[in-house]
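Each chain, written out:
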Amino acid sequence: MQSIDERARPTHTRHTTTAGAPPSLALLVDDARNGSAHAFEHIYRRLAGQVASYLRWHRASDPDGLTNEVFAQVHCNMARFRGDDQRFRSWLFTIAHHRMIDDRRRSSRQPRVGGDVDDDDSYGSGDVEEDAFADMAHDEVRDLVAVLSPDQRDVVLLRVVADLSVEEVARLLDKREGAVKALQHRALAALRRHLVQHGVT
Amino acid sequence: MGFLGFSRRDAEHIIDGGLPPGRADLDGVRRLAAFMRATSQVEPPPPMSVDLYCQIVGFPPATA
Chain P
1 MQSIDERARP
11 THTRHTTTAG
21 APPSLALLVD
31 DARNGSAHAF
41 EHIYRRLAGQ
51 VASYLRWHRA
61 SDPDGLTNEV
71 FAQVHCNMAR
81 FRGDDQRFRS
91 WLFTIAHHRM
101 IDDRRRSSRQ
111 PRVGGDVDDD
121 DSYGSGDVEE
131 DAFADMAHDE
141 VRDLVAVLSP
151 DQRDVVLLRV
161 VADLSVEEVA
171 RLLDKREGAV
181 KALQHRALAA
191 LRRHLVQHGV
201 T
Chain R
1 MGFLGFSRRD
11 AEHIIDGGLP
21 PGRADLDGVR
31 RLAAFMRATS
41 QVEPPPPMSV
51 DLYCQIVGFP
61 PATA
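If you read the protein sequences in the order shown, they are chains P and R. Taken in order, the first sequence gives residues 1 to 201; the numbers are from the working numbering. Taken in order, the second sequence gives residues 1 to 64; the numbers are from the working numbering.
Read the hints as simulated data drawn from the structure, not as lab findings. Positions of the beta carbon are idealized from the N, C-alpha and C atoms, including for glycine. It is possible that part of the hints are untrue.
[What the hints assert, rightly or not] Pairwise CB distance ranges (calculated): (1) R:R9 to P:S108: 33 to 39 Å; (2) P:A146 to R:V50: 14 to 20 Å; (3) R:G22 to P:P23: 39 to 45 Å.
[Claimed, not checked] Pulled from the structure, derived: some chain R residues nowhere near chain P, Cβ distances all over 10 Å: (4) G18; (5) L19; (6) P21; (7) G22; (8) P60.
Starting from the given sequences, assemble the full structure and let the hints guide the process.
Written out as C-alpha cells, the structure is:
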C-alpha cells in the first residue's frame, strides 16, 4: 500500500525505479485509472507486444495498427475499469479478441490486394529458445495453428499467447471451463498429429 | 488417457510449459506451445500511433 506522502508525489516519479525493479502492473493500472498518461504509456510498453503477438497469431490484417486501436479503447474505458492487474490483463485481451473478430469480418468482405499481409519479420526478433520452430519460416509455424478449428485456435492462443487461465478464457468466450479444457485438449491432439505427419517430433 | 492419446491433465501440463512424466512423445507439441509463448514475450511493442499518443496525453487528435 502506498503512503499518503508517496501518493501525493507526481505520478511519474512512482514509475521511475532506481533499483531496476519495474513498477508493478497493479500500481500502473491504479494510476492510469486515475488519469496518469505516464502510467498508461508504461502499460502500453509492457503489454502491447503481447497483444500484437496475439493478433499476429490470429493473422489479423494489421496487428500493429489494431494493437493501437485496442489500447485506444482501453484508454477510453479506463476510468470505469474495476479489478486487479490480472483482471486488467483479462479485460485487455477481451477487447483485443473482439477487435480481432471485427477485423476478420472486415477482411472477409474485402478482396486482398498486393502481397501477403503476413510477410512481416516480427517473429525471431528476440531470443526464442525453441529453435526447432524458430528455424521454420514464420508462415509455416503459423500454418500449424491454422489446422485448428476456430474455437480450438481461440482457446490455445488465449491460454498460451495471452497467458490467461482456463477460468478467464471461459469467461471471455462465454463457455464452461470444462468446454475450454476439452477444446485445448483436442487442439493439442490435432497439433500433435500435424507435427508427427510433418516429421517434427 | 482417452481417445486422443493423452489426458486432459497432460494437456494442462503442456499448456503450462511442462512435459507430463513419461511422455517424451509429447515433446514436439510442448515445444510448439513453448515457442508460441516465447514469441509473445519477446515481441516488442509496436510504435504508438500519433492518435493514441494524443488521446492519452489529452491533445486533440492529430488526424482531426
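Here is how each hint holds up against the structure:
The given range of 33 to 39 Å is respected by R9 of chain R and S108 of chain P, whose C-beta atoms sit roughly 37 Å from each other. In this structure, A146 of chain P and V50 of chain R break the distance hint of 14 to 20 Å, their C-beta atoms being roughly 34 Å apart. With their beta carbons about 43 Å apart, G22 of chain R and P23 of chain P fall inside the hinted range of 39 to 45 Å. The Cβ of G18 of chain R sits about 13 Å from the closest Cβ of chain P, beyond the 10 Å cut-off, so the non-interface label holds.
The beta carbon of L19 of chain R sits about 12 Å from the closest Cβ of chain P, which is more than 10 Å, so the claim that it is off the interface holds. With a cut of 10 Å on Cβ distances, P21 of chain R stays outside the contact zone with chain P, its closest approach being about 17 Å. Taking the minimum C-beta to C-beta distance to chain P, about 16 Å, the non-interface status of G22 of chain R holds against the 10 Å cut. Distance check for P60 of chain R against chain P: the nearest CB is about 14 Å away, which clears 10 Å, and the non-interface claim stands.
In summary, the one numbered hint that this structure violates is 2.
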